[in-house]
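Protein chains: 2
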Amino acid sequence: MESNIIYVPMALAIVGLLFMFIKMSWVKKQPAGDEKMQSISKSIKEGALAFLAAEYRLLLIFVVMASVALGVVSYIVPTTHWIIIVAFIFGAVFSGLAGNIGMRIATDANARTAEAAKTSLPHALKVSFGGGTVMGLGVAGLAVLGLSIFFMIFLKMFVTGEGSFYEEMTVALEALAGFSLGAECIALFARVGGGIYTKAADVGADLVGKVEAGIPEDDPRNPATIADNVGDNVGDVAGMGADLFGSYVATVLAAMVLGNYVIRDMSATTQFIDAFSNMGPILLPLVIAGVGVLASILGTFLVRISNNDAKESVVQKALDTGNWVSIGITWVASWFLIRWMLPMTMEMKFFGEGIKVIPSRHVFYAATIGLAVGALISLVTAYYTSLGKTPVLKIVKNSSTGAATNIISGLAVGMKSTFLSVILFAVAIWSAYVLAGFYGVALAASAMMATTAMQLAIDAFGPIADNAGGVAEMSELEPHVRERTDILDSVGNTTAAVGKGFAIASAALTALALFAAYVTFTGIDGINIFKAPVLAALFIGGMIPVIFSALAMESVGKAAGQMVEEVRRQFREIPGIMEGTGTPEYGKCVDISTKAALKEMVIPGLITIVTPVVMGIGTALVNDDFLLGAEVLGGYMAGVCVSGVMWAIFQNNAGGAWDNAKKSFEAGVEINGETFYKHKEDNPSPPHQAAVTGDTVGDPFKDTSGPSMNILIKLTCLVGLVIAPILGGHSSEEGLANIEDEVSIEMTLDAKDMAKATVNYSTVKEGEKVSETIVFEGTEAEVKKELEAFEASIKTDANKVEKVIKEVKITKE
Amino acid sequence: MESNIIYVPMALAIVGLLFMFIKMSWVKKQPAGDEKMQSISKSIKEGALAFLAAEYRLLLIFVVMASVALGVVSYIVPTTHWIIIVAFIFGAVFSGLAGNIGMRIATDANARTAEAAKTSLPHALKVSFGGGTVMGLGVAGLAVLGLSIFFMIFLKMFVTGEGSFYEEMTVALEALAGFSLGAECIALFARVGGGIYTKAADVGADLVGKVEAGIPEDDPRNPATIADNVGDNVGDVAGMGADLFGSYVATVLAAMVLGNYVIRDMSATTQFIDAFSNMGPILLPLVIAGVGVLASILGTFLVRISNNDAKESVVQKALDTGNWVSIGITWVASWFLIRWMLPMTMEMKFFGEGIKVIPSRHVFYAATIGLAVGALISLVTAYYTSLGKTPVLKIVKNSSTGAATNIISGLAVGMKSTFLSVILFAVAIWSAYVLAGFYGVALAASAMMATTAMQLAIDAFGPIADNAGGVAEMSELEPHVRERTDILDSVGNTTAAVGKGFAIASAALTALALFAAYVTFTGIDGINIFKAPVLAALFIGGMIPVIFSALAMESVGKAAGQMVEEVRRQFREIPGIMEGTGTPEYGKCVDISTKAALKEMVIPGLITIVTPVVMGIGTALVNDDFLLGAEVLGGYMAGVCVSGVMWAIFQNNAGGAWDNAKKSFEAGVEINGETFYKHKEDNPSPPHQAAVTGDTVGDPFKDTSGPSMNILIKLTCLVGLVIAPILGGHSSEEGLANIEDEVSIEMTLDAKDMAKATVNYSTVKEGEKVSETIVFEGTEAEVKKELEAFEASIKTDANKVEKVIKEVKITKE
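Chains as they are written, first to last, in the UniProt record's numbering: chain A, 1 to 813; chain B, 1 to 813.
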């Protein structure tokens, strides 16, 4: 039975998806309100689905091109099977499907939440969180299901027992990387496109509607209001969903690849055998993910309130309870799973330290660290972005001296928030590594990601509540409905900020696990930044997130500008809009956001995908040195990760803090003894205006460029992993063919015991045989080391060089 | 004669200082204007000197503490001589002296420039640039003189010929590192303190004076106006001078250290001999620096204009001519110097590639790359920050939709400017390294820094002209005086931005050269970021510049807040200020800026100096592994450099662009067919107000946190270099003592040719002898590699381990 454990995550994923369907039909059965509400909800849904359809059409071109590129890879690298293309396409389709399910339920749930809020806040929470649950389970269920099915197929295809288990499993996991790559590519475009869409519509609607025309948010007279509500779904629901789908798949994949290395290390002397078809360490992360789906389902039952007059804190507590219970269940379950599925002790190779014996409980500790760090980084994020806490209060206070001081203190808050986050993160890497190597790091990430379904349910409920408020406003429902949805919306804002902290923490750990898998895969001796080309690549990598952010921000600016023009035009040209007698052309605004988002997402997307290929393969070809290419690409990846994490935390938290600094004025804030409220014509409030400026700057920070950093770093490492076979690893056998004849080495020692080794060898370059000579000088030990390094650099495991280095004749001068 | 070449840079430095004195007395002989002008100039001078005096008093405490710490280092490390303390103190004193000379002449030259501008623009340029020349030559002359004298003393003390040349020279250069450390520490505090001072005064004066009271800039009724003018000197003159003094010394030092490695590599088989007391590669950078001083003097003669009605472009051209001629002379001279002082071909050890034969002309090419990259990065900086260029125009255009869009586009400009800068920079590292290893990188930096005297003259003339305008305004001189000083000031703004580009480029290359020196010094096998602790350190390093910037920005905010309160108080309490009948208490404002700057510079300064010590030595002690400590510190250094360079470029260029976007409104700008000017009560200009907001945000960016990044990265690497002997290198001999007995290794091969090596050895830990065992498994080749790595990790060049590894008995099972 145990050898069929691969069916366990598959079954759990199916349970998750079944529960999702039940929840979905429950939500759809709820009353959707009067005709006007339904019509508004329908417009939002149509706009959102139209964007998705247009996006998928564009991505189809990309998927075709990327498939061709993957075809080339599989043609060049003998061990990369063409099936990777199929996996890639399915990864893309599953990611799209997950986004689609989320988007449909979110746009169905908004009017129903508003309708429920007419009578009951607890029921409104149930409907909106029900929508979130559908989204979360859809993403997690599809991720686990897709991974399990493809892994099972690839096992059957490649792990036949004819060759070495490690080699065969590597081929299978490489194909599985295609699935992850497909998912992450779609996620990138969904995040960037969605982020641009939502902020263009938001800024456009606000600048002309609120500021110029003086009508409230979500007013049906504003032509951009439907686009604005569509944006919430496109950016926060579909974008976030695709992001976490990608993270989830990549994390599990990375842990599986590292599990394969554990098995290899343990098989060095005697064949590794366990009750799980000899692949316990590989299957463990998949099983933990499956159990996480179950834990999330259990947690959702606890998200409920009973008091119709509940405030934000009660709603927040209900969500927290559900979240903590899910995490707790996963934590306890992982203890049993690790005990059950891993050998009591494992031998792991630590770079430069040889093999260490690791008890399986260390892996559990690493998983615990992952869960703890996920929770702590969420707390840090909450501290820096929450209403009433010191950082936000500081920004509020600095709003009294104008927009400039508001901006400066917001930037400073974002920058300072990197401190604790990075320290936590560094401690996590270091300690998980010390406990159980990079497998420990990957398991920490897997444990953190296991409750993705719950996290996403909590995240997605926010935009649903936000939209419900929009529907209530546009349908001119009674004020108490809006008040209730506002309570949910306000909690949603906090969970959104916290969710971003969680997303970046998981992305960073995932990227590191992928990075470790990459290095091991290429077979290079680590990434040494003392080599100038690697150092240069580190700098270039560090620059990419900065440029990416700049492009994303500029795109929002451009798209928002077009939106402003269009809204102004409609106010000017359509008679009776302001009086409510003329109907605005909502569709035109939706079109503008859609087109701008699709156009602007192309360049950042291509930079992310193409640059690592250029850095790695370009360096390899120019220098005719594939291992240098591999190391340069590794340096680039590290640069992207370090800089990307910093800019993600900075932008997300600065944006979140600015947002809540602005919100603080709704309840009124006291600055130097004077109380300020929201700015109104008859009651001016310059500090609030300054805070609005800060919030507008923060919008693209927190909703476009900031969250894109996660995908940037993960996708960079994934692309590296997929092209790794070209740069090293399996292709070494081809490199071997370059060495002709035996290598001759003469070594002499002079009177002072200084050695000099002359190495003669010949290679075939462009069909011609070329003789080359290298001289090493130094102490005997130094020269021997150089010889070893030389041997590694020509990359051969044949005996040709080996033998002679061992048998070097030492001549005393 | 040639063996006395050490006297050449010394003599050239003295020539530079003599020329400085001549220029100084010429400037002082110029008429200083009427009594009012002299009194204002005197107030500025007194305020500036009072700040310096207070700063030096505080730094005295720091120097004493650091000296004690260095004493501890020299006590622990047998090869670190206590003389490093003396060198450190002199480095600090020389740096202070250079700042003092610059500050005195700048505050003398301001009124004299204003007086000259009464009659002649060419003469005003001559006076202000004369002041800048004094500053530039003072800094460069003292740097070269200090380095030459101390190097000569240390040569006499340590390079006696009794031991190995390399070892003795290492001791001498280590002591010289103390001089550099002293200079850089003072530079850090001068930059940060000066940056906080100048922006606190500037923002304070502007917010209350210009915005609230509606009086123009530099109006004598504004109590903060003297503090504002003092700030220009304290920040732009003394801060910049100390920064470049530190860079200059550090660059030359790093190149000398790397020159010593070149000699070591070449002496591996036969003793290196040349006509320069066998130390041509070490002396070369010093001689190039000396020649650069001469080239700068020659260049200053070309900075002149003849037309009294000249515009900015003519002044700019005069400065450019002087600059390019200096660079050209240095370039040509370096060709001859390199040909003369270096052997025709050199053998250099490339990490992982063995020894390569490098012709000396490759070093010249590397120097050329340094000069070219310095010039190109300046051009890139100019493009992103100049009036009339696309980036600034974009910000101007975005000012029409409010402060938020102005801020977003300014941030985007700063971020985008990292692209070309980093690419140039990566190409420079990579190509200089390929040409001549890290010695090539260091020589590229040295060549770039050689014309520091000229660069600084061009930089320092700006604040002098700015102050001259202030004196003219406060003394109520005729408008044409202010117009003329404004022309000079405007050119000065461009040169300031360009100077910042140059400063960051040189700082980055210097830091890399120091980084290379550090790695070689500690004797570690490079910095491998595939080890999780090193990777964690890379992240922590990447976070430091972000936190540093946040602290610096917040400090400006705090200090500016106090200034605002004080100015408001004076307006309120001193009768007749606004009518011009009451005299404001200028001194109180000067005091506030002084105290705030001194108080706020402490924390960022300590973070910079203490963190690398904690990372390196902390890791070493906690893990009882000094080489791991060395590698972790290396990862930290790399993180600081990568992130620091990015944030420096981002902040400097965003700040510069915002500044000039605001300035664009002075001549009027056309946005969407409408022309906007500066905001006035009777002629409101919302876009200009938005641009002023952007400029205020940019002020701390470009004058406080941005420029501090240079020193942060250099000082981090210098601290690393100074503590390197504790972590590795010489202390390895102590580590050696830890290995007791011979190391026994048994190696077995099983039927499948898989090897297993069991290593038994014993060490002494805390006085007790402990036996340890390590097992390596894998293919025979893998195990051998692990054994080599193990050997390297226990760090011994004795034969104890060596012999046994060579003689490993292989048993067939």
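Be aware that a few hints might be false.
Short, incomplete list of chain A residues facing chain B, as computed with Cβ under 10 Å [claimed, not checked]:
hint : residue
1    : L17
2    : V434
3    : G541
Straight-line alpha carbon distances no greater than 20 Å define the calculated DMTMM-like cross-link-like pairs of lysine to aspartate or glutamate that follow [to be verified]:
hint : chain 1 : residue 1 : chain 2 : residue 2
4    : B       : K356      : A       : E347
5    : B       : K356      : A       : E565
6    : B       : K356      : A       : E780
7    : A       : K756      : B       : E782
8    : B       : K42       : B       : D591
9    : B       : K394      : A       : E565
10   : B       : K45       : B       : D34
11   : B       : K680      : B       : D219
12   : B       : K389      : B       : E483
13   : B       : K756      : A       : E353
14   : B       : K397      : A       : D486
15   : B       : K599      : B       : D625
16   : B       : K588      : B       : E46
17   : A       : K397      : B       : E217
18   : A       : K756      : B       : E312
19   : B       : K210      : B       : D624
20   : A       : K397      : B       : D219
21   : B       : K756      : A       : E347
22   : A       : K356      : B       : E312
23   : B       : K595      : B       : E46
24   : B       : K397      : A       : E565
25   : B       : K42       : B       : E780
26   : B       : K356      : A       : D625
27   : A       : K356      : B       : E212
28   : A       : K210      : A       : D486
29   : A       : K356      : B       : E585
30   : B       : K680      : B       : E353
31   : A       : K394      : B       : D750
32   : A       : K356      : B       : D625
Covered by chain A, per the in silico footprint, the following chain B stretches (three or more residues, Cβ under 8 Å) [what the hints assert, rightly or not]:
hint : segment
33   : 400-407
34   : 519-529
No lab work stands behind these hints: they were computed from the structure.
Cβ atoms here follow ideal geometry from the backbone N, Cα and C, with glycine treated the same way.
Going down the list of hints, with the structure as the test:
1. Nearest Cβ of chain B to the Cβ of L17 (chain A): about 37 Å, over the 10 Å cut. The hint is violated.
2. For the restraint placing V434 (chain A) at the interface with chain B, the shortest Cβ-Cβ distance is roughly 7 Å, inside the 10 Å limit, so the hint holds.
3. A distance limit of 10 Å between C-beta atoms decides the matter here; for G541 (chain A) the minimum to chain B is near 8 Å, and the interface restraint holds.
4. A hinted pair counts as satisfied when its Cα atoms are at most 20 Å apart, and K356 (chain B) with E347 (chain A) does not qualify at roughly 40 Å.
5. For the hint linking K356 (chain B) to E565 (chain A), the alpha-carbon distance of about 63 Å lies beyond 20 Å, and the restraint is violated.
6. Restraint check: the Cα-Cα separation between K356 (chain B) and E780 (chain A) comes to about 18 Å, which is no more than 20 Å; the hinted pair holds.
7. Taken as a hint, the K756 (chain A) and E782 (chain B) pair is broken in the structure, with Cα atoms around 25 Å apart against an allowance of 20 Å.
8. For the suggested pair K42 (chain B) and D591 (chain B), the alpha carbons sit about 16 Å apart, so the restraint of at most 20 Å is met.
9. The suggested pairing of K394 (chain B) with E565 (chain A) holds, with an alpha-carbon distance near 18 Å, which does not exceed 20 Å.
10. The suggested pairing of K45 (chain B) with D34 (chain B) holds, with an alpha-carbon distance near 16 Å, which does not exceed 20 Å.
11. About 17 Å separates the Cα atoms of K680 (chain B) and D219 (chain B), which keeps this hinted pair within 20 Å; it holds.
12. Taken as a hint, the K389 (chain B) and E483 (chain B) pair is broken in the structure, with Cα atoms around 23 Å apart against an allowance of 20 Å.
13. At most 20 Å may separate the alpha-carbon atoms for a hinted pair to count; K756 (chain B) and E353 (chain A) meet this at roughly 15 Å.
14. Among the hinted pairs, K397 (chain B) with D486 (chain A) is inconsistent with the structure: their alpha-carbon atoms are about 36 Å apart, more than 20 Å.
15. Straight-line distance between C-alpha atoms of K599 (chain B) and D625 (chain B) comes to about 37 Å, which puts the hinted pair past the 20 Å bound.
16. With a CA separation close to 13 Å, the supplied pair K588 (chain B) and E46 (chain B) stays within the 20 Å bound.
17. As the CA atoms of K397 (chain A) and E217 (chain B) are separated by approximately 27 Å, the hinted pair breaks the 20 Å bound.
18. For the hint pairing K756 (chain A) with E312 (chain B), the CA-to-CA distance comes to about 63 Å; that exceeds 20 Å, so the pair is violated.
19. Between the alpha carbons of K210 (chain B) and D624 (chain B) the distance comes to roughly 60 Å, so the proposed pair goes past 20 Å and is violated.
20. Between K397 (chain A) and D219 (chain B), the direct Cα distance comes to roughly 29 Å. Violation of the 20 Å bound is thereby established for this hinted pair.
21. Between the alpha carbons of K756 (chain B) and E347 (chain A) the distance comes to roughly 13 Å, so the proposed pair stays at or under 20 Å and holds.
22. Distance hint between K356 (chain A) and E312 (chain B) is unfulfilled; the C-alpha atoms sit about 69 Å from each other, more than 20 Å.
23. With a C-alpha separation of about 15 Å, the suggested pairing of K595 (chain B) with E46 (chain B) holds against the 20 Å cut-off.
24. Distance check on the hinted pair: K397 (chain B) and E565 (chain A) sit about 15 Å apart at the alpha-carbon level, within 20 Å; holds.
25. Note on K42 (chain B) and E780 (chain B): the hinted pairing is violated, with a Cα-Cα distance of about 79 Å set against a maximum of 20 Å.
26. With a CA separation close to 17 Å, the supplied pair K356 (chain B) and D625 (chain A) stays within the 20 Å bound.
27. At most 20 Å may separate the alpha-carbon atoms for a hinted pair to count; K356 (chain A) and E212 (chain B) exceed this at roughly 69 Å.
28. Simply put, K210 (chain A) and D486 (chain A) have alpha-carbon atoms about 18 Å apart, close enough for the 20 Å limit, and the pair holds.
29. Proximity of K356 (chain A) to E585 (chain B) is assessed by CA-CA distance (about 71 Å); at most 20 Å being required, the pair is judged violated.
30. Between the alpha carbons of K680 (chain B) and E353 (chain B) the distance comes to roughly 67 Å, so the proposed pair goes past 20 Å and is violated.
31. The hinted pair formed by K394 (chain A) and D750 (chain B) fails the criterion: a straight-line CA distance of about 68 Å is larger than 20 Å.
32. With a CA separation close to 17 Å, the supplied pair K356 (chain A) and D625 (chain B) stays within the 20 Å bound.
33. Counting residues of the segment 400-407 of chain B whose CB falls under 8 Å from any CB of chain A gives 6; the rule of at least 3 is met.
34. Residues of the segment 519-529 of chain B lying with their CB closer than 8 Å to a CB of chain A number 6, which satisfies the three-residue condition for coverage.
The structure fails hints 1, 4, 5, 7, 12, 14, 15, 17, 18, 19, 20, 22, 25, 27, 29, 30 and 31 (numbered hints given earlier, in ascending order).
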